[in-house]
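So you can see what is in the structure, the chains are spelled out below.
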Amino acid sequence: MSKHRELGLTDSELELIEEKLGREPNDVELAMFSLLWSEHCAYKHSRKLLRRLPTEGERVVMGPGENAGAVDVGNGHAVAFKVESHNHPSAVEPFQGAATGVGGILRDVFALGARPIAILDSLRFGELDSVRSRHLLDGAVRGIGHYGNSIGVPNVGGEIYFEAPYEHNCLVNAMCVGLAKTEDMVRAAAVGVGNAVVLMGASTGRDGIGGASVLASAELGDGDEAKRPTVQIGDPFEESKVLECCLELLDRGLLVSLQDLGAAGLTSSAAEMASAGGVGIDLDVGRVPLREADMEPFEIMVSESQERMLAVVKPAKVPEVLALCEKWQTGSAQIGIVTDSGQVRVLRDGALVGEMPVEALVDGCPLYDLSPAEPDGWIYGNRATLAGETSAHEILLALLASPSVASKRWAFEQYDSVVGSRTVRRPESADAAVLQIPEAGNAIAVAIDGNGRRVACDPYAGTVEAVLECVQNLACVGAEPLGLTNCLNFGNPEKPAPAWQLDRAVSGLADACTALGVPVVGGNVSLYNEGPEGPIYPTPVVGMVGELPDPAKTCGSGFAREGDSIALLGPFSPTLAGSELAKLRGALEMGLPQADIAAVAAACAAVREAVRAGRLSSAHDVSDGGLACALAESAIAGRIGCRVDLQPLRERGCSPEEALFGEGPGGFLISGERDALESLAATLIGTVGGSAIEVAAGDRSLAVGLAAAEDAWRSLSERLTADADL
Amino acid sequence: MKWGVLQFPGSCDERDALQACSLIGEARLVWHEERDLEGIDAVVVPGGFSYGDYLRAGAIARFSPAMEAVAEFAAAGGPVLGICNGFQVLCEAGLLPGALLLNEDLRFHCRQLDLIPEGFVEGSQGSEAGKSFNEPLSIPAKHGEGRFWAPEEVLDSLEARGQVAFRYAPGQNPNGSARDIAGVWNEAGNVLGLMPHPEHAVDPLTGSTDGLKVFERLVQ
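In order, the protein sequence lines correspond to chains A and B. Position 606 of the first sequence, counting from 1, maps to 622 under the numbering used here, and the rest follow consecutively. Position 1 of the second sequence, counting from 1, maps to 119 under the numbering used here, and the rest follow consecutively.
None of these hints come from the bench; they were simulated from the model. None of the values given here were measured: they were computed from a predicted structure. Glycine is no exception: its CB is placed at the ideal position from the N, C-alpha and C atoms. It is possible that part of the hints are untrue.
[To be verified] Among chain B residues calculated to face chain A with C-beta under 8 Å, some are:
hint, residue
1, 127
2, 128
3, 134
4, 166
5, 167
6, 169
7, 226
8, 258
9, 318
[Unchecked claim] Taking CB as the label site, the calculated pair distances span:
hint, chain 1, residue 1, chain 2, residue 2, range
10, A, 455, B, 194, 35 to 45 Å
11, B, 289, A, 606, 46 to 56 Å
12, B, 274, A, 689, 50 to 60 Å
13, A, 629, B, 272, 49 to 59 Å
Using the sequences and the hints given, assemble the complete structure.
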């Protein structure tokens with residue numbers, strides 16, 4: 017096979033490169049183009065779609081295009097955040113893949129000058145009866161914990177779903193949230209001709225060569241073991257030192273700009289910094305500190321060795337910068353200079369080994385239109401696991417024990433959730449994590465959501481629901497959204513069905529964000545997520561940061577007081593379409609009802625205000641497993657039962673099963689004093705008390721003891737703790 | 119009362135410890151290369167992953183210049199508190215008995231736990247520990263290498279001399295520590311090490327204020 021194809025470039029892309037250079041590229045140039053023109057770096061199948069997303073808003077400090085987005089949280093402070101995928105590395109080597117996923121997203125955030133204050137993660141694996149899935153789950157959770165714990169950034173929330181389409185292609189999406197003084201934040205643009213380019217952090221080795229092109233921008237398949245060397249190896253100790261060093265450098269005003277080295281290593285960070293600043297950059301690979309002396313120039317330029325940062329520094333400040341790197345015991349070397357040539361020139365000990373126009377590298381890649389086509393029907397398998405006649409009681413226990421619904425304590429207890437002294441609401445105590453921000457005199461709430469199964473049923477409606485669920489999660493703790501980040505995990509965009517899913521999902525994301533007035537400040541696209549059996553569920557993962565005025569006035573998800581009334585609030589019209597129950601019954605098919613976004617927004621506002629006023633004892637959104645599961649979760653969290661009658665939902669036209677187990681956006685389960693709930697125009701459905709979950713729902717009424725419900729809900733953690741394979 | 123909080127490359131909880139100390143006195147960070155503890159009345163060796171926990175948790179940090187100063191400070195009777203990685207460092211430095219091994223199930227755990235302060239034992243300085251605590255303390259623990267271990271005769275002697283400072287409440291031992299021991303005193307009663315994190319339990323908003331009692335007790 018010809019070299020350019022091995023590197024992932026098409027024949028026509030090679031011709032375009034030759035045209036732009038006016039000659040054939042040499043090996044160094046070909047390697048650099050292949051990475052920057054990969055899907056991972058160039059977004060060549062998604063960039064046109066992403067133009068639909070609203071990116072402006074009053075509180076936006078930095079939008080898409082920077083290392084991360086940022087929003088104003090008041091008092092001169094900004095919160096930077098971004099979610100990014102590390103799916104294929106994790107599918108090949110879960111521990112290092114997930115660990116370096118966390119490392120990479122941390123660097124994106126502190127590259128802006130923001131101190132990371134929280135990590136969240138969104139994970140997808142195949143069904144747990146598969147040894148592969150348990151291996152990937154265990155490795156990914158250990159990797160996330162290893163890196164985040166060692167750096168001292170709390171992991172405050174996340175989600176894990178188990179679905180067969182992720183069997184070969186797991187998803188590991190990590191989100192980082194950072195805090196900065198707005199005036200101290202830096203951008204990634206290289207400016208100032210004659211300024212020095214300084215490489216900081218770890219030395220450069222042969223790990224991760226071709227990660228962005230060979231691994232991230234192609235489908236998984238046979239022979240993936242051979243791709244293991246394309247996975248990077250993380251060293252959180254090095255990252256911790258580089259992080260502290262960079263923040264101190266910025267605090268002292270010693271840097272002009274800063275960029276992390278992620279996918280495509282030096283190639284992308286240098287080219288993107290030059291492009292953003294409208295300048296050129298000369299780099300001498302002979303000055304790059306190496307792990308192995310005999311590395312070729314192309315290897316140095318494309319290495320994805322972790323824990324490295326690239327800074328632009330005024331020449332007079334270089335000695336101070338190098339000295340501070342020495343204080344933090346991290347590497348540093350001046351490897352280049354900012355020029356006015358508009359070229360990225362690669363030298364080795366002064367001799368030119370590659371020269372390419374910045375514009376051709378960064379913006380020259382052709383952008384492709386998709387050829388979407390709606391599939392005829394459900395394109396995924398769906399094996400029934402709940403067969404025959406089952407009572408409502410049995411269904412509730414089966415749903416609570418279903419790994420996607422069950423407690424994820426096994427996983428989140430492996431993460432430090434308290435370091436930093438900000439975590440007011442820890443995992444599982446509320447619908448969103450709450451972090452106090454004394455610097456701004458308030459607090460933020462953060463959440464991450466995305467149910468791929470529902471998106472598969474209707475990519476548009478499912479994506480709208482992901483955004484709504486995130487906003488609802490924030491509302492439950494009293495927070496109003498400031499901005500959104502997203503990671504679009506999809507299959508091969510060159511195939512019609514995944515292209516259609518992507519196209520519809522981006523429209524759903526755009527319409528939901530526009531209707532809610534929530535700007536998209538950053539994100540990431542991960543395509544080619546396919547295994548031998550086909551594409552993953554289309555999985556747009558939505559991360560959101562919201563603001564609440566007083567960290568003392570927030571709300572948990574657990575029932576709190578015997579005798580409190582329980583109410584349902586919001587435009588909740590549950591159906592079994594795309595539900596966890598439909599999955600267990602093997603009854604999945606295309607189609608979801610469309611959400612009334614404005615009505616959900618109004619319900620969110622009502623809940624938010626009630627929480628802030630301290631009028632609710634608990635607030636929980638109705639999500640996976642429907643109202644019966646939401647009731648059980650609130651009861652388990654509060655260690656107190658409930659007595660509920662779902663007649664009001666029956667009057668809205670729901671069957672007993674739909675009322676109990678149906679899913680759909682817009683539902684809040686709240687508890688508090690009767691007067692407070694009535695003043696919210698909420699529908700009273702019952703009372704907190706007792707030691708059972710008792711629900712009247714016509715011929716499907718149920719009563720499940722709290723202990724039995726908790727046993728079912730905890731069964732996933734019990735099972736994983738006892739798993740001899742892990 | 120002026121607290122000094124050590125900072126090594128790889129420390130994670132030093133800012134939290136600084137904040138906790140500043141609630142009950144003045145506090146400053148002490149860089150690992152500093153040898154001068156002049157003006158400091160009490161030292162905290164904080165949690166984290168000093169030197170990446172490479173080789174063995176605490177094994178490298180104990181050789182830092184600041185730890186030499188801490189050893190002299192402790193020998194002169196100065197109060198020293200080691201938290202989590204700090205506890206490991208103090209054990210490696212020989213300032214506290216025992217060692218911290220990998221958790222029994224080889225996993226990191228982060229949990230809010232109840233710590234039972236050890237009761238009063240006649241005739242030992244360390245026994246004062248129990249006096250200020252009359253109920254369990256709710257404090258988070260988070261570590262992968264926190265299984266306290268010492269030879270049986272050392273454990274017997276620690277118990278006899280009142281050097282056991284805290285035990286995990288029954289059924290809550292997260293790591294397989296011998297005799298549920300969560301924290302110990304040195305023989306002289308001026309150096310205290312524990313795996314759980316009192317600096318993360320000083321604010322009602324984040325869960326508990328019981329951790330303050332540990333800091334206060336150290337300098338009583």
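Checked hints:
1. 127: Holds: closest Cβ of chain A sits about 5 Å from residue 127 of chain B, inside 8 Å.
2. 128: 5 Å, holds
3. 134: Status holds, d = 5 Å.
4. 166: 6 Å, holds
5. 167: 5 Å, holds
6. 169: 7 Å, holds
7. 226: 5 Å, holds
8. 258: 5 Å, holds
9. 318: 5 Å, holds
10. A:455 x B:194: 35 to 45 Å: Since residue 455 of chain A and residue 194 of chain B have Cβ atoms about 38 Å apart, the given range 35 to 45 Å holds.
11. B:289 x A:606: 46 to 56 Å: Holds - the Cβ-Cβ distance for residue 289 of chain B and residue 606 of chain A, about 49 Å, lies within 46 to 56 Å.
12. B:274 x A:689: 50 to 60 Å: Once the Cβ atoms are compared, 56 Å apart, the range 50 to 60 Å for residue 689 of chain A and residue 274 of chain B holds.
13. A:629 x B:272: 49 to 59 Å: 57 Å, holds
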